[in-house]
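Make a model of the complete structure from these sequences and hints.
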Amino acid sequence: MKPFTFFEHTADVGIMAQGKTLGELFSNSATALFDFITDLKSVENRVSRKVELECFDREELLVRWLSELLYIHEASHLLLAHFDITFIRGGRLRAEVAGEPYQEGKHQIFNLVKAVTYHQIRIAREHGVWTSRIILDV
Amino acid sequence: MTEDKTIPHVERIDEYRFRIPKTGKMRTDGVVYADEAMMKDIMKDDAIAQVANVACLPGIMGNSIAMPDIHWGYGFPIGGVAAFDLDEGVVSPGGVGYDINCGVRLLRSDIEQGELKKNIGNLLDVLYRNIPSGVGSHRKDLKLSRKEFEDMMEKGAAWAIQKGLGDRDDLAFIEEEGRINGAEPDSISQKAFERGKDQLGTLGSGNHFVEIGMVSEVFNGEAAASMGLSKGTVTAIIHTGSRGLGHQVCDDFIVKMLDASRKYGIELPDRQLCCAPVKSPEGQAYLSAMACAANFGFNNREIITHWVRETFLEVFRKSPRALNMKLIYDVAHNVAKIETHTVKGEKKKLCVHRKGATRAFPAHHSGVPKQYADIGQPVLIPGDMGRCSFVLVGAEKSLEETFGSSCHGAGRVMSRNQAKKAARGRSIYDELKSKGIIVKAASEGTLVEEIPDAYKDVSHVVEIVHGAGICSKVVKLKPMAVIKG
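Chains as they are written, first to last, in the working numbering: chain V, -19 to 118; chain D, 20 to 504.
Since the hints were made in silico from the structure, they are not lab data. For each residue, glycine too, the CB sits at the ideal point set by N, CA and C. Please note that the accuracy of each hint is not assured.
[Stated by the list, open to error] Which chain D residues face chain V? A few, computed with CB under 8 Å, are given here:
{"hint": "1", "residue": "D64"}
{"hint": "2", "residue": "H90"}
{"hint": "3", "residue": "Y93"}
{"hint": "4", "residue": "G94"}
{"hint": "5", "residue": "Y117"}
{"hint": "6", "residue": "D118"}
{"hint": "7", "residue": "E213"}
{"hint": "8", "residue": "R214"}
{"hint": "9", "residue": "G225"}
{"hint": "10", "residue": "G263"}
{"hint": "11", "residue": "L277"}
{"hint": "12", "residue": "D289"}
{"hint": "13", "residue": "R431"}
{"hint": "14", "residue": "G464"}
Written out as structure tokens, the structure reads:
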């Protein structure tokens, strides 16, 4: 099972992720987001942050989760590569994420992501596998 | 409401307009400004369905309008104009977009073409050094405390001028004089502040740029002369917006508007269309936060303008008076504003959303600077970096048909990956150089994603708004040196 793939969407980019659990799906979606931004192999696990979210439903939770990571990335110049979902149910999530501050020379930035959108967002569970589809505004 | 995937019925009105007749839950018709050839391109994605979706929103006045550079966007199409009644209507963050007050400004200079050509390589290098561009870039000498940041958002472009980062004479030539009213900093989240705090005076990435060029063709000599333009005049275009601050404001308010849409019982075919009544607390809070981000955008372009002027002083070693770098105009193309328009013979205040559309007020409108009262508001339409850009002025029909609006640019036709594929094996630098255009980009990736082939031909887009009578052509600009984010 491939954790994630990217797909084309007019001027933008979409992520299709999979996971055996909802937590794994959210973690893989986050990995995809930062794989699009940078070379994950170059990011060490040096700084960690806690994330707690509560919202209306799973779909909104996925957008809010990725948006929160994007905010951490842009406001604190952090590159994130490790995503540990410690609790997820309905519209609630708790997680610990880790990475390190961007350093010129060590890290390469491939893409800037403006936002994570709600457009045609989909989360489904088929044959015991969770899948999601989400579009980034780049 | 219309599903995004369903292609609505489209019928031709005249040479430059198509109608999407009101059907199902649409409250009004959609009108698309396009000719037959362009309509074929437009029909390739779901943008037409999005025009129909917008027509379903409560309190929409007139038509749901699309400009010829329309392409698919989130919820609302890019190149869309929609006006809403203040009592019955809604305001939607998706009707403005993530890059609040993304916009364009145009400067002119007295520098001679020959002198520009002699120094063009150096000019490009110094511009690139002085103006932060690309992902994560910022000037270390411009970091604001929360208090200063709030002051900047409240005051608009006058703030930059007060700080010595702009010219007082510029204000009259900025849409809304560089300040959208109602910007209350308390409506901005800490997150939005954190994302924006070190991004003032940065170009950003993607399609944002600074372009040095010259007037290559004059269509309307009188209007051109009012702007200080004639054939061969050297110009500079600056295209950027409100950066991370705007992105976060949009993000924050989409969350709030999803709740608001449920609260006010507004049916949404796509969550990205979420909205709230204009006069609701949620609607008012969004308009205030949007004004804060818009005022950041005006400051951003004013500060970058200051650095462009400094770059010219450094490279050409002439006095500011000899360079005479005047601001011709600054337009916002992602914004929602309260404006007065005539609807069915009656003057009404409306909330006009322009997403990838430019305000285009005609001559003698009170919103037009005095100097342009007889010609109309300048409308700046940048093309891709390999072709050309246009200066137009608003014409009478814009008030009758489009709530005083026109197109904003060329509009993408290729996805980023398609552009990369199309650029494979080619040297984009050399191709542009052979056309007399030199480019410096923060990354090779940006450059290939932004190849001229990825965009519609801006001349075709401009022919349509000119032909339809909502704008009228003044001059054409040819690019010579471009910095990209």
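Hint by hint, here is what the structure shows:
{"no.": "1", "hint": "D64", "in the structure": "holds, 6 Å"}
{"no.": "2", "hint": "H90", "in the structure": "holds, 6 Å"}
{"no.": "3", "hint": "Y93", "in the structure": "holds, 5 Å"}
{"no.": "4", "hint": "G94", "in the structure": "holds, 7 Å"}
{"no.": "5", "hint": "Y117", "in the structure": "holds, 5 Å"}
{"no.": "6", "hint": "D118", "in the structure": "holds, 7 Å"}
{"no.": "7", "hint": "E213", "in the structure": "holds, 4 Å"}
{"no.": "8", "hint": "R214", "in the structure": "holds, 5 Å"}
{"no.": "9", "hint": "G225", "in the structure": "holds, 7 Å"}
{"no.": "10", "hint": "G263", "in the structure": "holds, 5 Å"}
{"no.": "11", "hint": "L277", "in the structure": "holds, 7 Å"}
{"no.": "12", "hint": "D289", "in the structure": "holds, 6 Å"}
{"no.": "13", "hint": "R431", "in the structure": "holds, 5 Å"}
{"no.": "14", "hint": "G464", "in the structure": "holds, 7 Å"}
In terms of the numbered hints stated before, the structure departs from none.
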